[in-house]
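Chemist: Sequence:
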Amino acid sequence: MRTHINTTFVDLTKAFVTVIRDGLWKVMQKFGCPERFTRMVRHDGMTAQKIDNMTVSKAFVVINGVKHACVLAPTLFILTFSAMLMDAYRDEQPGIHIAYRIDGNLLNSRHMQAKTRTSTGTVQDFLFVDDCALNTVTEEDMQRSIDLFATGFADFGFTIRTAKTVVMHQPPPNAEYNAPRINVNGAQLKNGKTFAYLGSKLSCNTRIDDEVAHRISKASQAFGRLQASVWNHHGFHLNTKLKMYKAVVLTTLLYGAETWTVYSNQARKLNHSHLSPDEISNEAIDQVRPATNPGERSHTPKTHRKPPAAFSHSVELGFHTDQTPRFTLVVTAAQAGDCFSHNFSSSID
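The numbering of the sequence shown is UniProt numbering, which starts it at 1 and goes up by one.
In short, the hints are calculated from the structure, not lab data.
One or more of the hints may lead you astray.
[As the list claims (entries may be wrong)] Pairs of lysine-lysine, PhoX-like flavour, derived with a Cα cap of 25 Å:
#1 Lys-30 <-> Lys-50
#2 Lys-30 <-> Lys-58
#3 Lys-243 <-> Lys-269
#4 Lys-190 <-> Lys-201
#5 Lys-14 <-> Lys-26
#6 Lys-164 <-> Lys-201
#7 Lys-269 <-> Lys-246
#8 Lys-58 <-> Lys-14
#9 Lys-218 <-> Lys-269
#10 Lys-193 <-> Lys-164
#11 Lys-14 <-> Lys-201
#12 Lys-164 <-> Lys-190
#13 Lys-218 <-> Lys-243
#14 Lys-201 <-> Lys-269
#15 Lys-14 <-> Lys-67
#16 Lys-67 <-> Lys-30
#17 Lys-218 <-> Lys-241
#18 Lys-26 <-> Lys-67
#19 Lys-14 <-> Lys-190
#20 Lys-67 <-> Lys-50
#21 Lys-241 <-> Lys-201
#22 Lys-241 <-> Lys-14
#23 Lys-193 <-> Lys-269
#24 Lys-193 <-> Lys-218
#25 Lys-218 <-> Lys-164
#26 Lys-201 <-> Lys-246
Modelling step: build the complete structure from the supplied sequences, incorporating the hints.
Modeler: Below, the structure is given as structure tokens:
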């Protein structure tokens, strides 16, 4: 990264329940939704009741918000949100200006100078349902962007929750970090050096050390939750456990890895995260493999013990110079009391 990036993670106050319905129906028509479809999704005349201390209130009319638990609710909100952004940034579009190619020569900086095959664009925001992150290069542009955003929000009946809205400055390498001072309606927003956004942990130094540690922790938790119900369950076939491991643990560990810039020390942490053998207590070993002499305890070093379960695992994540990850899952199937074990290797594509 060669430029400064200022990001504001905007938190909305009860976004889904504050949508103005009359405005939503008009937005749907503006976006080309057929009149018949609009009439089908309209929920006029909705009433609700409130339960307080086992006492049910009288029914009252609900005039705002999309229908709770409706599968169309996120889509209807996105339509309103898109209309708000189009109106707020109609005259100005502060953001990060980028140049890009779509012919596979992105990493060659000399090819980026060819104007005939290079396109330009502005990265203004990152959106996911009601989550929004505004992006600019300078602090002044960020203040202008958040002012336009707040004005457009107010026009559509929304409110920014300033207490949970966070600003982050990510300077380029060897540049000084400066905490931006951004205000919304007279309230100064908090500055954060780390922020969890859509499951990923972002850092102001643009490195992924915090994210790697976060991913390893989440993957370990995912593996532990399935210890009794899957890994130690003798009724599941080995291939079933492999598929469960790939679907649950590996996807948790490598969530967002497509956007990472991985260095050698971070790759080692990922490789080591599941290479450590499973550890069990002496009591557990004695239960499944009694000692030769009665009363004698097992003194096998922990690092060399094999679990008495029907499944143990280790994972190797190989990051090569071509940045193509290679995953090797080594599985040991062993039954308690057996004098041998079967080793399986499976390539995770």
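Chemist: Which numbered hints turn out to be false for this structure?
Modeler: 1, 2, 21 and 22
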